[in-house]
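Participant: The chain contents come next:
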Amino acid sequence: MKKIEAIVRLSRFDKVRDALAEIGVKFFTLQDVKGFGLQKGTKMVYRGSVYDSDYIARLQLDILCSDEKADEVVDVIMKAGRTGEVGDGKITVLDAVHCVRIRTGETGPEAV
Amino acid sequence: MKKIEAIVRLSRFDKVRDALAEIGVKFFTLQDVKGFGLQKGTKMVYRGSVYDSDYIARLQLDILCSDEKADEVVDVIMKAGRTGEVGDGKITVLDAVHCVRIRTGETGPEAV
Amino acid sequence: MKKIEAIVRLSRFDKVRDALAEIGVKFFTLQDVKGFGLQKGTKMVYRGSVYDSDYIARLQLDILCSDEKADEVVDVIMKAGRTGEVGDGKITVLDAVHCVRIRTGETGPEAV
Ligand SMILES: Nc1ncnc2c1ncn2[C@@H]1O[C@H](COP(=O)(O)OP(=O)(O)OP(=O)(O)O)[C@@H](O)[C@H]1O
Ligand SMILES: Nc1ncnc2c1ncn2[C@@H]1O[C@H](COP(=O)(O)OP(=O)(O)OP(=O)(O)O)[C@@H](O)[C@H]1O
Ligand SMILES: Nc1ncnc2c1ncn2[C@@H]1O[C@H](COP(=O)(O)OP(=O)(O)OP(=O)(O)O)[C@@H](O)[C@H]1O
Ligand SMILES: [Mg+2]
Ligand SMILES: [Mg+2]
Ligand SMILES: [Mg+2]
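Chains as they are written, first to last, in this note's numbering: chain A, 1 to 112; chain B, 113 to 224; chain C, 225 to 336.
The set of hints was computed from the structure by calculation and includes no laboratory data.
Owing to the predicted nature of the structure, the values given are computational and were not obtained by experimental measurement.
Honestly, I wouldn't trust all of these hints.
Covered stretches of chain A, as calculated for chain C (at least 3 residues, CB under 8 angstroms) [said to hold, decoys possible]:
{"id": "1", "stretch": "24-31"}
{"id": "2", "stretch": "74-80"}
{"id": "3", "stretch": "87-98"}
List time: in silico BS3-like cross-link candidates among lysine-lysine, alpha-carbon distance up to 27 angstroms [what the hints assert, rightly or not]:
{"id": "4", "chain 1": "B", "residue 1": "K146", "chain 2": "A", "residue 2": "K79"}
{"id": "5", "chain 1": "A", "residue 1": "K34", "chain 2": "A", "residue 2": "K79"}
{"id": "6", "chain 1": "B", "residue 1": "K127", "chain 2": "B", "residue 2": "K138"}
{"id": "7", "chain 1": "A", "residue 1": "K34", "chain 2": "C", "residue 2": "K303"}
{"id": "8", "chain 1": "C", "residue 1": "K293", "chain 2": "C", "residue 2": "K303"}
{"id": "9", "chain 1": "B", "residue 1": "K127", "chain 2": "C", "residue 2": "K258"}
{"id": "10", "chain 1": "C", "residue 1": "K250", "chain 2": "A", "residue 2": "K79"}
{"id": "11", "chain 1": "C", "residue 1": "K239", "chain 2": "C", "residue 2": "K303"}
{"id": "12", "chain 1": "B", "residue 1": "K146", "chain 2": "B", "residue 2": "K191"}
{"id": "13", "chain 1": "B", "residue 1": "K146", "chain 2": "C", "residue 2": "K258"}
{"id": "14", "chain 1": "A", "residue 1": "K26", "chain 2": "B", "residue 2": "K181"}
{"id": "15", "chain 1": "A", "residue 1": "K79", "chain 2": "A", "residue 2": "K15"}
{"id": "16", "chain 1": "A", "residue 1": "K26", "chain 2": "A", "residue 2": "K15"}
{"id": "17", "chain 1": "C", "residue 1": "K258", "chain 2": "C", "residue 2": "K303"}
{"id": "18", "chain 1": "C", "residue 1": "K293", "chain 2": "A", "residue 2": "K34"}
{"id": "19", "chain 1": "C", "residue 1": "K303", "chain 2": "C", "residue 2": "K250"}
{"id": "20", "chain 1": "A", "residue 1": "K69", "chain 2": "B", "residue 2": "K138"}
{"id": "21", "chain 1": "B", "residue 1": "K146", "chain 2": "A", "residue 2": "K15"}
{"id": "22", "chain 1": "A", "residue 1": "K15", "chain 2": "A", "residue 2": "K69"}
{"id": "23", "chain 1": "B", "residue 1": "K127", "chain 2": "B", "residue 2": "K191"}
{"id": "24", "chain 1": "B", "residue 1": "K127", "chain 2": "B", "residue 2": "K146"}
{"id": "25", "chain 1": "C", "residue 1": "K293", "chain 2": "C", "residue 2": "K250"}
{"id": "26", "chain 1": "B", "residue 1": "K138", "chain 2": "C", "residue 2": "K303"}
{"id": "27", "chain 1": "A", "residue 1": "K34", "chain 2": "C", "residue 2": "K250"}
{"id": "28", "chain 1": "A", "residue 1": "K34", "chain 2": "B", "residue 2": "K181"}
{"id": "29", "chain 1": "C", "residue 1": "K258", "chain 2": "B", "residue 2": "K191"}
{"id": "30", "chain 1": "A", "residue 1": "K34", "chain 2": "C", "residue 2": "K239"}
{"id": "31", "chain 1": "C", "residue 1": "K239", "chain 2": "C", "residue 2": "K293"}
{"id": "32", "chain 1": "B", "residue 1": "K191", "chain 2": "A", "residue 2": "K26"}
{"id": "33", "chain 1": "C", "residue 1": "K258", "chain 2": "B", "residue 2": "K138"}
{"id": "34", "chain 1": "A", "residue 1": "K34", "chain 2": "A", "residue 2": "K15"}
{"id": "35", "chain 1": "C", "residue 1": "K303", "chain 2": "A", "residue 2": "K69"}
{"id": "36", "chain 1": "B", "residue 1": "K181", "chain 2": "C", "residue 2": "K258"}
Glycine included, every Cβ here is placed at the ideal spot set by N, Cα and C.
So here's chain A without its partners, still in its complex pose (with noise of 0.2 angstroms):
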């Protein structure tokens, strides 16, 4: 099982969504997170006075899934995450030594 983590862009959700759908991927798990680093935030105005934002918002994606499936899951997302301008994102890949699903019991390749 991998546990694959992709940090895109808000602005390419729907596409990478989308995409994920069209390879069979079923489910996954979304966050907001924030990127900090050397290509700083927009400056915004924000109630009448201009802040730097100081990071950029992006979003997180977990996809669980089987190892034979993994390399294409990347693949879809980064075609799909890509605008080819600095800040498209970062997709790594984890092993996961185990997953459950928690309503049957049912684990590995099984559960995802």
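Starting from the structure of chain A, add chains B and C with the ligands where the hints point.
Facilitator: Chains B and C with the ligands only, in chain A's frame:
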């Protein structure tokens, strides 16, 4: 060391937390996450207008524990988190190669 | 590649961020998380009524780096994040089997 990530229903959180306390899990990390997928969110009425929430709200618990403890933690979450209805959630176990308590510098099983 | 997850106090975030910048960590991902456990949150007054917050607010930093860099990153976070008081937080190191920069397709250490 293992890192256990459990995605559970909000309605089962109290049960899961109490069950973990009973087996000596003293601390865990909690995040709000969104589940996206084929099982769509329920229609909701908000400020008078119906809209499709498009995702389901879930809680993610992250628990660091020793290799020996991991099976018990998974088991307890499965029992306390299960309703038997579709959507009960998922548990993933990852291998943590290292773990440190910042205050003391303790590492490994001593640090969780 | 390693994925380092550090849970730190909000009050130490600026110090940790600056210490990471000094050792060349150019980017990391940040999330708000809640710590649940025996060390209860402080009583808070909100809209006139006292309630027990039941959790402690912490920040989670996720940092991808090369295997060689990991020890230095952990060390720097420990030094910058420590107050010596109970509750300073935890650092976990996971193995990342793969990592891709979406814009360029670069993988491995080139991608972080
Ligand atoms: N080394 C890293 N560790 C953890 N998170 C990272 C790292 N690098 C990038 N991220 C996350 O990915 C998001 C997008 O990063 P970004 O696309 O700018 O990466 P990049 O390597 O700088 O690529 P680019 O050159 O295209 O800008 C960041 O906001 C951050 O959340
Ligand atoms: N493959 C997956 N990758 C990442 N997260 C997932 C995956 N499957 C489920 N989740 C997360 O777990 C939550 C609950 O999923 P759910 O319980 O519906 O899983 P399921 O496999 O569809 O089981 P069930 O048949 O009982 O519905 C989702 O909201 C999502 O956040
Ligand atoms: N075993 C654990 N699993 C997951 N998260 C944990 C664990 N222990 C601590 N954390 C996270 O780290 C945060 C800070 O924990 P804390 O610093 O109190 O750890 P500690 O081991 O109790 O150390 P101390 O003795 O210094 O209090 C918690 O709020 C929680 O989010
Ligand atoms: Mg960048
Ligand atoms: Mg389901
Ligand atoms: Mg503590």
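Participant: Assess, step by step, whether the Cα of C:K250 is no farther than 27 angstroms from the Cα of A:K79, and give holds or violated.
Facilitator: holds, 25 angstroms
Participant: Count the residues of the stretch 24-31 of chain A whose CB lies closer than 8 angstroms to any CB of chain C, then report whether that count reaches three.
Facilitator: Answer violated; 1 residues pass the 8 angstroms Cβ test.
Participant: Regarding the pair A:K34 and C:K239, is the alpha-carbon distance no greater than 27 angstroms?
Facilitator: Holds. A:K34 to C:K239 sits at ~18 angstroms (cutoff 27 angstroms).
Participant: Within the assertion that chain C covers the stretch 74-80 of chain A, do at least three residues meet a Cβ-to-Cβ distance smaller than 8 angstroms?
Facilitator: holds (count 3)
Participant: Next pair to validate is C:K258 with B:K138; report whether the Cα-Cα distance is within 27 angstroms.
Facilitator: holds, 14 angstroms
Participant: Hey, B:K127 versus B:K138, does the alpha-carbon distance stay inside 27 angstroms?
Facilitator: holds, 15 angstroms
Participant: Next pair to validate is C:K258 with C:K303; report whether the Cα-Cα distance is within 27 angstroms.
Facilitator: Holds. C:K258 to C:K303 sits at ~22 angstroms (cutoff 27 angstroms).
Participant: Holds or violated: A:K34 and C:K303, Cα atoms, limit 27 angstroms.
Facilitator: holds, 23 angstroms
Participant: Hint check: B:K146 vs C:K258, CA-CA at most 27 angstroms. Holds or violated?
Facilitator: holds, 16 angstroms
Participant: Given the hinted pair A:K34 and C:K250, is their alpha-carbon gap at most 27 angstroms?
Facilitator: holds, 14 angstroms
Participant: Hinted pair, alpha-carbon criterion (27 angstroms max): C:K239, C:K293. Please report holds or violated.
Facilitator: holds, 19 angstroms
Participant: Please verify whether B:K127 and C:K258 have alpha carbons no more than 27 angstroms apart.
Facilitator: holds, 18 angstroms
Of the numbered hints given earlier, the model fails hints 1, 14, 20, 28, 35; all others are met.
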